[in-house]
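Chains as they are written, first to last, in the working numbering: chain L, 1 to 277; chain V, 278 to 554; chain G, 555 to 831; chain C, 832 to 1108.
There may be inaccurate statements among the hints.
Think about it this way: if two alpha-carbon atoms lie no more than 20 angstroms apart in a straight line, the pair counts; the simulated EDC-like pairs of lysine to aspartate or glutamate are [said to hold, decoys possible]:
1) V:Lys297 x G:Glu774
2) C:Lys851 x L:Glu53
3) G:Lys574 x V:Glu328
Derived coverage of chain C by chain G (criterion: at least 3 residues anywhere in the stretch with Cβ under 8 angstroms from a Cβ of chain G; other residues may be distant) [stated by the list, open to error]:
4) 924-935
5) 962-975
6) 1012-1020
Keep in mind that the hints were calculated from the coordinates and are not lab data. Ideal Cβ placement from N, Cα and C applies to all residues, glycine included.
There are 4 protein chains.
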Amino acid sequence: MCRWLAYSGTPVLLEELLFKPAHSLIDQSLHSKLGAETTNGDGFGVGWYGEGETPAVFKSVEPAWNDRNLHELAGHIRSSLVFAHIRASSGTPVQQTNCHPFRHGRWLWMHNGAIAHFHEVKRDLMLAVDPSLYPDVEGSTDSEAFFFLALTMGLEDDPPAAVEGAVGFIEHVGRSHGIDHPIQMTVATSDGSSVWGFRYSSEGKSRSLFYSTRVDTLREQHPEVAVLRQLSDESRVVVSEPLGDLAGAWNEVPESSYGVVQEGQDELHSFTPRPPG
Amino acid sequence: MCRWLAYSGTPVLLEELLFKPAHSLIDQSLHSKLGAETTNGDGFGVGWYGEGETPAVFKSVEPAWNDRNLHELAGHIRSSLVFAHIRASSGTPVQQTNCHPFRHGRWLWMHNGAIAHFHEVKRDLMLAVDPSLYPDVEGSTDSEAFFFLALTMGLEDDPPAAVEGAVGFIEHVGRSHGIDHPIQMTVATSDGSSVWGFRYSSEGKSRSLFYSTRVDTLREQHPEVAVLRQLSDESRVVVSEPLGDLAGAWNEVPESSYGVVQEGQDELHSFTPRPPG
Amino acid sequence: MCRWLAYSGTPVLLEELLFKPAHSLIDQSLHSKLGAETTNGDGFGVGWYGEGETPAVFKSVEPAWNDRNLHELAGHIRSSLVFAHIRASSGTPVQQTNCHPFRHGRWLWMHNGAIAHFHEVKRDLMLAVDPSLYPDVEGSTDSEAFFFLALTMGLEDDPPAAVEGAVGFIEHVGRSHGIDHPIQMTVATSDGSSVWGFRYSSEGKSRSLFYSTRVDTLREQHPEVAVLRQLSDESRVVVSEPLGDLAGAWNEVPESSYGVVQEGQDELHSFTPRPPG
Amino acid sequence: MCRWLAYSGTPVLLEELLFKPAHSLIDQSLHSKLGAETTNGDGFGVGWYGEGETPAVFKSVEPAWNDRNLHELAGHIRSSLVFAHIRASSGTPVQQTNCHPFRHGRWLWMHNGAIAHFHEVKRDLMLAVDPSLYPDVEGSTDSEAFFFLALTMGLEDDPPAAVEGAVGFIEHVGRSHGIDHPIQMTVATSDGSSVWGFRYSSEGKSRSLFYSTRVDTLREQHPEVAVLRQLSDESRVVVSEPLGDLAGAWNEVPESSYGVVQEGQDELHSFTPRPPG
Chain L
1 MCRWLAYSGT PVLLEELLFK PAHSLIDQSL HSKLGAETTN GDGFGVGWYG EGETPAVFKS
61 VEPAWNDRNL HELAGHIRSS LVFAHIRASS GTPVQQTNCH PFRHGRWLWM HNGAIAHFHE
121 VKRDLMLAVD PSLYPDVEGS TDSEAFFFLA LTMGLEDDPP AAVEGAVGFI EHVGRSHGID
181 HPIQMTVATS DGSSVWGFRY SSEGKSRSLF YSTRVDTLRE QHPEVAVLRQ LSDESRVVVS
241 EPLGDLAGAW NEVPESSYGV VQEGQDELHS FTPRPPG
Chain V
278 MCRWLAYSGT PVLLEELLFK PAHSLIDQSL HSKLGAETTN GDGFGVGWYG EGETPAVFKS
338 VEPAWNDRNL HELAGHIRSS LVFAHIRASS GTPVQQTNCH PFRHGRWLWM HNGAIAHFHE
398 VKRDLMLAVD PSLYPDVEGS TDSEAFFFLA LTMGLEDDPP AAVEGAVGFI EHVGRSHGID
458 HPIQMTVATS DGSSVWGFRY SSEGKSRSLF YSTRVDTLRE QHPEVAVLRQ LSDESRVVVS
518 EPLGDLAGAW NEVPESSYGV VQEGQDELHS FTPRPPG
Chain G
555 MCRWLAYSGT PVLLEELLFK PAHSLIDQSL HSKLGAETTN GDGFGVGWYG EGETPAVFKS
615 VEPAWNDRNL HELAGHIRSS LVFAHIRASS GTPVQQTNCH PFRHGRWLWM HNGAIAHFHE
675 VKRDLMLAVD PSLYPDVEGS TDSEAFFFLA LTMGLEDDPP AAVEGAVGFI EHVGRSHGID
735 HPIQMTVATS DGSSVWGFRY SSEGKSRSLF YSTRVDTLRE QHPEVAVLRQ LSDESRVVVS
795 EPLGDLAGAW NEVPESSYGV VQEGQDELHS FTPRPPG
Chain C
832 MCRWLAYSGT PVLLEELLFK PAHSLIDQSL HSKLGAETTN GDGFGVGWYG EGETPAVFKS
892 VEPAWNDRNL HELAGHIRSS LVFAHIRASS GTPVQQTNCH PFRHGRWLWM HNGAIAHFHE
952 VKRDLMLAVD PSLYPDVEGS TDSEAFFFLA LTMGLEDDPP AAVEGAVGFI EHVGRSHGID
1012 HPIQMTVATS DGSSVWGFRY SSEGKSRSLF YSTRVDTLRE QHPEVAVLRQ LSDESRVVVS
1072 EPLGDLAGAW NEVPESSYGV VQEGQDELHS FTPRPPG
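Given only the sequences and the hints, what does the whole structure look like? Please build it.
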């Protein structure tokens, strides 16, 4: 459906993440290998933390591969925490408000996958969004509804618990509509300090998700790779599919699990949706 | 906020309505005289009935005045029932799904004005939309919510009663939130046969609305105006502000009233919102 | 690089050509089988003859596959002569003025392929454009420069001779810059009555081009195919790659040749570039 | 026609220049007071120097006033040398390649005004562009042709002399076509260190141009204005029309003159077009 990338670490120019890798996210917009679709041309978005209280978000409805503004910005903006997403619409309109990442205060959110039969369950899901948040929903995607459910369930306080609650609720609503596999997802979210990455699907066959090996380990294995010498030990990329084929660089996130990229030791845990009630 | 035009009558090229009049709708996009804003550059839309079961809708987020596609289409599409709308956003995003006219089946709808403090009342209004219609709302404007409330209240069976019901409900919800003047509106809607035009505001000072004098009357008064010889007696334009200054051509729709342009005698009636309950 | 379609025959809704065939042009925008690229997402254009002196042209920089306006127009516009083109940019900007078909007066023009090393030869080619036409060039593509060279060499009087002259000139200029294979092309052009389709490349390995079998022949072979009963005997499609796999329906245009779709007998001739001087 | 702003000084967030002033450039996009048009809604562009060898350029075909990406970037990008331009097209297409500022290597260029009857003189002007630069012209405006003429005449070595040469040539060509007043202009150009601002017109009634008073002087006169305490003494804005009404803050650039904002003492000189040959 979509492809995404989350980076945390030594401040880098966005182009180092988006354009320069052999199988970069921009390359994946035309030639995705592991996605449900090879083409992800229904708009894109980039979010980054830097100046100001809240992260910046740049979105466009045009394909990423030939967008000149993206190319310009990528060569001139440097950040230590970056989200990027390329979209393959599953039916909702191609418009900026439907592009990821979505933002609320300091939080960013992006999603690959779908809420099954969203048209049927949309009203039930939206009614569960906190009334004070409801009018802030600007687009029409399942992904943004999912974000607002997670916010309603406490994303800002305990992200894993909130996402487990939101997914449990989505599965509950879906099954009450006779839907076998209500959700398919990889999700990234951040508050500007840590990044949480989730992989889950109701059917147990989730979209792909990978995280990069610790830079100090990679640097020992590949002393010839110059870029590794510029990155801090803890720099980390989480991504829908590997950005290249450097041996030992990419690790699959297991089914039904989530990871946390943070100061200090990163973590990997199992993910269990929590039904309502 | 916005400007709009509805035409019913002898099939004409869209350019006769949109570009050729002295103070055409396209001219109003840059130089509105009677609007709340002189510039209406936040996208536009055109709807027309012709081939097919449902009317066509063409929308763009660019200003109408320099849109080449609009110019092309206007010179090549002929229709006997045309809606056109230029938008000045009151805050919601500039995107095609927020451009008027909105469509549901054979019905078109466009609105000038605003639901006051929409952000505060949006959830209450949306919950009142028929659950089977709720997921079809694609944009985020007050105008589309208003359309779906009218559909919920029977627009397809009795348009005046449905709009009176929707406005009564909006006023009820607004006042329960402490809003003095919950709605400001001119509205046009059509099923492809008749056109209904409404003018109303809670404060009793509504946006301007005009309808053209019967063509047979104008033709007698202005035998020198060639275009009048090509139009049927019953051709009629309803518009936010006059398209020119032909003496006797334009009549203001009175406060709190609505008109019907239809086969046979057109009608003008008073409009009274109907509170819920 | 690109894919295109030209239709001449019984007036049809554009959607019959663009959306309904099994391997329609819109499908080819995502999944081209015979093109140099599988994705053709860098804008599109549609031209058709109908109302007015000149053909209409509708263009967009967004991919065709999810463009709502294209879908709307295709369901409501009927024409007997249609050009449609989906673009895969070979480097020039994605903007409407670079989308095909190009228009001059009653003439439309679209191109698949490229003038090799266009950046190097552009000035020489542009200087050969008739000075009275020069300022009408609006975009920056090789395809539009090619069109204006053909116009300069008499396209409006004798299309095959003009295209042979333009190609001969492009090859002459290219070779004087040390370019081995200066041009790669399929081209369609029309004056609203006939359609000329060309297939040629300096290297003798040209982009694919097909024309449909006469409808009366197809109707005999496939009496069960309903759509064939609605089309006149002479309705004809010329297209970069077949729109489906109906046996006997598609014939490859030979290397270095051109065809004419016209009232009466269609024609197929060999194509020989004519060097300058 | 257009409005523009050039800033050089203490690094500031773009929003300090574009959004926060009382009569900011964004405000001028809807409500220009001194421009030929009150609305400047045909696209915009921002250029800034920072990371990388060349300045960044962000352009959009949508009006500046409601462009969300511009708002995002303005709140997150900080630079010490910024160009911004809002466009009112005088006829050429609304597309990114026609938006200012134009860039060549480290140079930026923006223009308000017009080359009179550009359609008639375009070919003569373009033929005078250095052949090695010719293919780099991407758009179709008079302003970009003017930039490339100035580059041809040595902009990178001696900007005032190059602009005087380009204007002299444009006047020569225009008059040879019987055009009384061939050029109307204010122009800003920069190499990332200095900014040159020009004001001139063949008729001697040039578009308005203002520069801000030295910050140390303003700070003495207005000790209560907080923003002045954050700016270096030499920070300077050159702009089509004043950004506010702070007494003593704005000085008109005289007719037929140019200024240089640079390290050390700024300069103001007379401008005299230099005819060819």
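Verification of the hints:
{"no.": "1", "hint": "V:Lys297 x G:Glu774", "result": "50 angstroms, violated"}
{"no.": "2", "hint": "C:Lys851 x L:Glu53", "result": "17 angstroms, holds"}
{"no.": "3", "hint": "G:Lys574 x V:Glu328", "result": "17 angstroms, holds"}
{"no.": "4", "hint": "924-935", "result": "holds (count 4)"}
{"no.": "5", "hint": "962-975", "result": "holds (count 7)"}
{"no.": "6", "hint": "1012-1020", "result": "violated (count 0)"}
Violation of the numbered hints given earlier is confined to hints 1, 6; the remaining hints are satisfied by the structure.
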